[in-house]
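> Listed below, chain by chain, are the residues.
There are 2 protein chains.
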Amino acid sequence: MNLPLGFRYSATFAGIRKIVKDDLALIVSDTRATAAAVFTQNRVVAGPVEIARKNVRAARGRMRGILVNAGNANCATKTSEKVAIETSRAAARMIGAKAEDVLPASTGVIGVELDARLIIDALPALVAGLSADRFEDAARAILTTDLVMKTAFAEVKGARIAGMTKGSGMIHPRMATTLAFVMTDAVMAPDALRTALKRACGKTFNRISVDGDTSTNDTLAVLANGASGVRPRVTAFEAALTEVLESLARQIVKDGEGAKKLVTIDVEGATSERAAEKIARCIANSPLVKTAIAGSDPNWGRILSAAGNAGIAFDPRRVDIDFQGVAVCRGGLAADFSEDELKRKLDAAECSVRFVIKGRERGRARFWTCDFTEEYIKINASYRT
Amino acid sequence: MNLPLGFRYSATFAGIRKIVKDDLALIVSDTRATAAAVFTQNRVVAGPVEIARKNVRAARGRMRGILVNAGNANCATKTSEKVAIETSRAAARMIGAKAEDVLPASTGVIGVELDARLIIDALPALVAGLSADRFEDAARAILTTDLVMKTAFAEVKGARIAGMTKGSGMIHPRMATTLAFVMTDAVMAPDALRTALKRACGKTFNRISVDGDTSTNDTLAVLANGASGVRPRVTAFEAALTEVLESLARQIVKDGEGAKKLVTIDVEGATSERAAEKIARCIANSPLVKTAIAGSDPNWGRILSAAGNAGIAFDPRRVDIDFQGVAVCRGGLAADFSEDELKRKLDAAECSVRFVIKGRERGRARFWTCDFTEEYIKINASYRT
Chain A
8 MNLPLGFRYS ATFAGIRKIV KDDLALIVSD TRATAAAVFT QNRVVAGPVE IARKNVRAAR
68 GRMRGILVNA GNANCATKTS EKVAIETSRA AARMIGAKAE DVLPASTGVI GVELDARLII
128 DALPALVAGL SADRFEDAAR AILTTDLVMK TAFAEVKGAR IAGMTKGSGM IHPRMATTLA
188 FVMTDAVMAP DALRTALKRA CGKTFNRISV DGDTSTNDTL AVLANGASGV RPRVTAFEAA
248 LTEVLESLAR QIVKDGEGAK KLVTIDVEGA TSERAAEKIA RCIANSPLVK TAIAGSDPNW
308 GRILSAAGNA GIAFDPRRVD IDFQGVAVCR GGLAADFSED ELKRKLDAAE CSVRFVIKGR
368 ERGRARFWTC DFTEEYIKIN ASYRT
Chain B
8 MNLPLGFRYS ATFAGIRKIV KDDLALIVSD TRATAAAVFT QNRVVAGPVE IARKNVRAAR
68 GRMRGILVNA GNANCATKTS EKVAIETSRA AARMIGAKAE DVLPASTGVI GVELDARLII
128 DALPALVAGL SADRFEDAAR AILTTDLVMK TAFAEVKGAR IAGMTKGSGM IHPRMATTLA
188 FVMTDAVMAP DALRTALKRA CGKTFNRISV DGDTSTNDTL AVLANGASGV RPRVTAFEAA
248 LTEVLESLAR QIVKDGEGAK KLVTIDVEGA TSERAAEKIA RCIANSPLVK TAIAGSDPNW
308 GRILSAAGNA GIAFDPRRVD IDFQGVAVCR GGLAADFSED ELKRKLDAAE CSVRFVIKGR
368 ERGRARFWTC DFTEEYIKIN ASYRT
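Read top to bottom, the protein sequences are chains A and B. Count along the first sequence from 1, add 7, and you get the number used in this note's numbering. Count along the second sequence from 1, add 7, and you get the number used in this note's numbering.
No lab work stands behind these hints, which were simulated from the structure alone. All clues given are correct.
Same chains, same names: a pair is fine if it fits in one copy or spans any two.
DSS-like mimics (lysine-lysine), calculated; alpha carbons at most 27 Å apart, straight line:
no.	residue 1	residue 2
1	285	267
2	105	85
3	85	350
4	267	385
5	85	365
6	350	25
7	385	350
8	105	61
9	164	210
10	89	365
Bound-form chain A, shown alone (with noise of 0.2 Å):
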């Protein structure tokens, strides 16, 4: 772990969540970097994420910090853009930047008033807390019902990204999903940030989903203060940004709630990528598909119809299709295998589904989602009370 130049992390309990455990998390880089953040695209947007967008507009792509809680979504309650407003303020102020210089974040419950004075009570605790290594205690003070803490970390041309994410349910990114913060010491102009970050979010946190749902609070920033002093160019630092992002969005899958496999699907032979993409997605979120690979059942039948729902036309009598590198649909029937050797192979934690449309059509996209199991009903019938 290397983490990049010039940033510092914080993390405190501001008794925000039910029990002990840190849930107030503070990142600030020494200068202003350039920032750009993806939001949720639900139309119902949380006090938070309408405050951090207009504060990374107002501050025209350079801010000082980010200021995050878990146990309380703040959306949806009379004072949710109030405390965002209120929040980031007195955590900007304290560490000397301007008002709009902090992007705030909020994830937890749905509906109930946060109490801003538990946050800026705690301020003063969470900078005096601020150092260079404690990124992990920040990671961990964003989880919710994450079981494990979520990092990557990569290098360009000796600058530093490092990044942590939460989110294991409401999970289905359209822009970006859940919270990801990424911090690097690389030397990037906001335009060249924003392209990179659409444009790796595009094939990474935007292809994942868990269960269908977006969430109201999703955020995706990344900060980028040259401390370091490299400029890479703009196609190394979008690869190196990607393979961050790429390993966040795996691990959240992986952490999904309730679920026991990561499932990589891959579609290829489509008429583009967005046709690729929008098979990928119908697949991927088929409660029968997920339900099926919970029980190591390579039933291909469930993934050819989910794929027909996608309202991508072709030809199934072109399809073929393998379950962890083994054929069991060749032309849209059924291949011959040996169904107890493939079923033991799906028991294992990674599973991969590749579906090919044969033909000269060359669209092709990659897509992650987990199983879909009995625990998923039980964190999620009881999450609230």
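Given chain A's structure and the hints, the job is docking chain B onto it.
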């Protein structure tokens, strides 16, 4: 139960299912009946659906009967269409009808060859068993993972309507869903019957969801043989048909795989009926909403968030939400309600969700779904094997 005149029914065990239970049914009208049908919108379509579509067209809206099997969907196999043609023709011959006068339908597992011989060999017994009072035998023979038989009846000006349906998984209609057959002795012209079916289906079978998956075999067919001599007004017939289809559709959801609760979702105040339906569909398909209801958790934040994913613009601050008639959200904010009392009310077998956007718009839609339980996972993790 008042059956329409001029129809006979039969059912037998042809050896298609793994267990000994009737798996083949025949419905015959004594005279050619006006016929209308709607089919799945999945791009992957079973052979019997292709042939049924062709037959309805070739018969110019007048048919004699329906041949239906359970235990095998006759889909994604080498002989799918051939089997549908051979078996429906053989049945037509035996009842003295033209080849295209019998509509084939199948339900069950996908991708396993269906042996036409099994059906053809069973036909003599099936035809010999035809009787006006074996409606329920046929209704039972078409069931798969269903726990209960599903039938519904209505009268219009002295003419009778009787419907049967099956289905409890892979339920998410676009046009029609699952298998449903409706017989009536009303006198109906082909165009009028088609229009009445489409409109009635749009408000009933198109508004239910169990798991968001649309099957490859969905078929909803109506036969009107005119045996009563009653020629009802089209609007009156449509109302009675809607009553039958709504009852059948609700029975499907109530018997949804693993479902303990039938949930009725009313959306009001959207810009159009279509917009209201989109919002209702998103709420109905959200695993987070469905698991919350399984846990009797009045988690209105999930309702609001699911509605926000419909791609329909609305102001969350104008949203009111009720569970079981109890106000839980007013103007997008938590209302004051007794959590314990409401939890008890949500333990009922039927739950209601009302989602109202306040203002001048009048678009409304009703939708039915079920709760999402551990039992659903159990059933679907091992359906095929």
